[in-house]
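So the protein lines, in turn, are chains A and B.
Just so we're aligned, residue 1 is where the first sequence starts under the working numbering, counting upward by one.
Just so we're aligned, residue 1001 is where the second sequence starts under the working numbering, counting upward by one.
Source of the hints: derived by calculation from the structure; they are not laboratory data.
In this text the structure is predicted, and so the values were computed from the model without any measurement.
Worth double-checking, as some hints may not be accurate.
What the hints assert, rightly or not - Restraint-style ranges between C-beta atoms, simulated for each label pair: (1) A:265 <-> B:1187: 26 to 34 Å; (2) A:85 <-> B:1135: 55 to 63 Å; (3) A:56 <-> B:1093: 41 to 49 Å; (4) B:1270 <-> A:144: 23 to 31 Å; (5) B:1270 <-> A:81: 49 to 57 Å; (6) B:1294 <-> A:55: 16 to 24 Å; (7) B:1247 <-> A:162: 47 to 55 Å; (8) A:269 <-> B:1187: 33 to 41 Å; (9) B:1287 <-> A:92: 54 to 62 Å; (10) B:1247 <-> A:224: 45 to 53 Å; (11) A:224 <-> B:1266: 32 to 40 Å; (12) A:143 <-> B:1298: 54 to 62 Å.
What the hints assert, rightly or not - In silico negatives: residues of chain A with every beta carbon more than 12 Å from chain B: (13) 100; (14) 148; (15) 162.
Backbone N, C-alpha and C define an ideal beta-carbon position, used for all residues, glycine too.
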Amino acid sequence: MQLLANVLIDGLAYGMVLFIIAVGLSVTLGLMRFVNLAHGAFAMIGGYAAALLTREAQWSFWVAVPAALALTAAIGALLEALVLRHLYRRSELEQVLFTIGLAFFLIALTNALAGPQVQLIVLPPLLAQPVDLGFRTLPAQRLLVIGAGLLVAAAAAWTVTRTRFGVWLRAAVDHPDTAATLGIPIRTVQCASFAAGAGLAGLGGVLGAELMPLEPYYALKYLVLVLVVVAVGGMGSLPGSLLAAVVLGTVETASKYLASEWGNLFFFLAMAVLLAWRPNGLLKR
Amino acid sequence: MSSKHRIAASLTSACLIACTSFGASAQAIKVGIVGPFSGPFAHYGTLFKNGAEAYIAAQGGKLAGKDVELIYRDTGGPNPGQTKTLVQELIVKDKVDYLGGFVFTPNAFAVAPLIQQSQTPTVIFNAATSSITDKSEFFVRTSYTLWQVTVPLAQWAAKNNIKKVVTAVTDYGPGIDAETAWKSEFTKQGGTVVESIRMPISTTDFSPFVQRIKASGAQAVYTFLPGGPPNLGFVKAYNENGLAKAGIQFLGTAETDEFDLQKFGDAALGLTTAFHYSAWHDSTANRKFIEALKKRDPNAIANYASVGAWDGMFVIHKMIEATGGQRDGLKAIAAARTLAWESPRGPVRIDPKTRHIVQNVYLRKVEKADGQLVNKELQSFGPQIDYGLDK
């Protein structure tokens, strides 16, 4: 019983970290159909900004994180407006090549500016303490991640399906020319969506940093995990990504408790099985 | 100046440059330093570079009256094929007299046949698998091995009423080395290893493993993790899941090394390790070493890799002295086998048989001093040999 509860709790916490890192990519790759392999680099920018603001500038965590997200979104918007928008109509291969190149560039830049060592985000005492769940303890930071993950999933799903902006976004992606003739400001929609995707990546970088420490190679190191979550969840399906992240996180955690000598085998086995069962995403038939 | 004159002038100057540089290189002793200078392990390259250059600068820029030219070669990560090519070039094309460096065991293994054939003395600054020095008689090592630091720690634990221990190591070569060393010595001392956990190398979430350690009923956990993110992740999980409070003691080796130490924050306070070098070691030699490092680069870090390079250059220095700057690999190695000196880590000597460094291993605890985290040495276990080579 204790073991099962441990697996479920740790699996949920790990799954939420996966989701929060992947949700930004779910927006750019899933909703905008733009293959953004520099996603990890945006997460890294957000994380580094938060680390520098909390550690060097001594800002409060609660002020530094929104500032870091705004900064990441602004850098995302700038890159989109100057460079990336020219890639929307190019082939996927060209998008892959460009964004992976961008990721390498940002890795080298980070290495040169901040050095190769791991960056820590200073947590407020409230988040640094363990919380007693009755039968075991869990770091308070994980509870924040679980809460933030649910909140982001709900807010993003609501924006896409219920708001005028969501309608515009889907129209701009499916039929850009028709959408433009109908007077939808496509450029603004694209730029804002990309910036939102970058901002969410930054959030993932900040909140996921407890498990995936920030260092220059962050940008590529965890990319595979993120791509798996988005692929299993289904392109553009935020609830799908959430479910995929939690299922995969639980599988990975269970294998660590019960069969750690097999390494990551079960994580990727689960990915293969889920993709074979629902190739278009967990929640799409 | 007419064009003809200009050509003549530039030819003359070109010849002058070529001739002078040839003259200089004919005298200078060439040392090839092989290590990762780019990619995720680039900080090792920087540590080697700082340690080696600080040593030469501290000797007044010359070793045994000879100019020394350091030639750096970048292996990236663990990459035996490329390392072999680079070292072949260093030996054949650059005609180096000595080699130094090597972070990763497979890279060191790969060059053993080359240095054996060319009789090039090679000083290992880091790679810590016991059997490396067996592969060629031209290897000398100034770092440490996991057996060397683990055996005294296991003896200490057994003597201090720790009966049941769980081992948790990263599932790769050095991790398994560490696990074997601990198991063999600790059971010999009458202790019990209740569970041996091997954690996949790509692990990011350590809470499941830490929960298993908690449930195992052990009094202490002996652990080995590669530096950087895995190290930080494990220590964080150890604290966040309240293991210290549950009375499970942390026993490690290189985990609290000075490169990562400040990043842990207060989470590291009280961690117990056994290791051969602490930047906080109180001796004149260590103060000199740190001063020389800071003079070269104010941000330089004194840790096991930079001290490995510093002592490695000392060994090369003595080999140059013994051969009078002539190329004589056999004579140089014979001289290295009998060396004994005061290193920044304490008194050390080269074991004539294994060509591995014999050094004091210290029991340390992380404490706060001068506003920063340090490895405070609590006791010295005395000189330790490499126990791994007898197996």
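Results for each hint:
For the pair residue 265 of chain A and residue 1187 of chain B, the supplied restraint of 26 to 34 Å holds, since their beta-carbon distance comes to about 30 Å. Under the hint 55 to 63 Å, the C-beta atoms of residue 85 of chain A and residue 1135 of chain B, about 56 Å apart, fit the expected range. The hinted window of 41 to 49 Å between residue 56 of chain A and residue 1093 of chain B holds, with their beta carbons roughly 45 Å apart. Between residue 1270 of chain B and residue 144 of chain A the C-beta distance comes to about 26 Å, which sits within the given range of 23 to 31 Å.
Look at residue 1270 of chain B against residue 81 of chain A: about 51 Å separates their beta carbons, and that is inside 49 to 57 Å. Distance hint check for residue 1294 of chain B and residue 55 of chain A: the Cβ-Cβ separation is about 22 Å, which falls inside the suggested range of 16 to 24 Å. Between residue 1247 of chain B and residue 162 of chain A the CB atoms are about 53 Å apart, so this pair conforms to the stated range of 47 to 55 Å. Residue 269 of chain A and residue 1187 of chain B have their C-beta atoms about 36 Å apart, which keeps the hinted 33 to 41 Å range intact.
For residue 1287 of chain B and residue 92 of chain A, the hinted distance range of 54 to 62 Å is satisfied, since their beta carbons lie about 59 Å from each other. A hinted range of 45 to 53 Å for the beta carbons of residue 1247 of chain B and residue 224 of chain A is inconsistent with their spacing of about 38 Å. At about 33 Å, the CB distance of residue 224 of chain A to residue 1266 of chain B agrees with the hint of 32 to 40 Å. Between residue 143 of chain A and residue 1298 of chain B the beta carbons are some 41 Å apart, a value that contradicts the proposed interval 54 to 62 Å.
Residue-level check passed: residue 100 of chain A sits 16 Å from the nearest beta carbon of chain B, beyond 12 Å. Under the 12 Å C-beta cut-off, the non-interface status given to residue 148 of chain A relative to chain B holds; the minimum distance is some 17 Å. Remark: the non-interface label on residue 162 of chain A is consistent with the geometry, its nearest Cβ contact in chain B lying 34 Å away (cut-off 12 Å).
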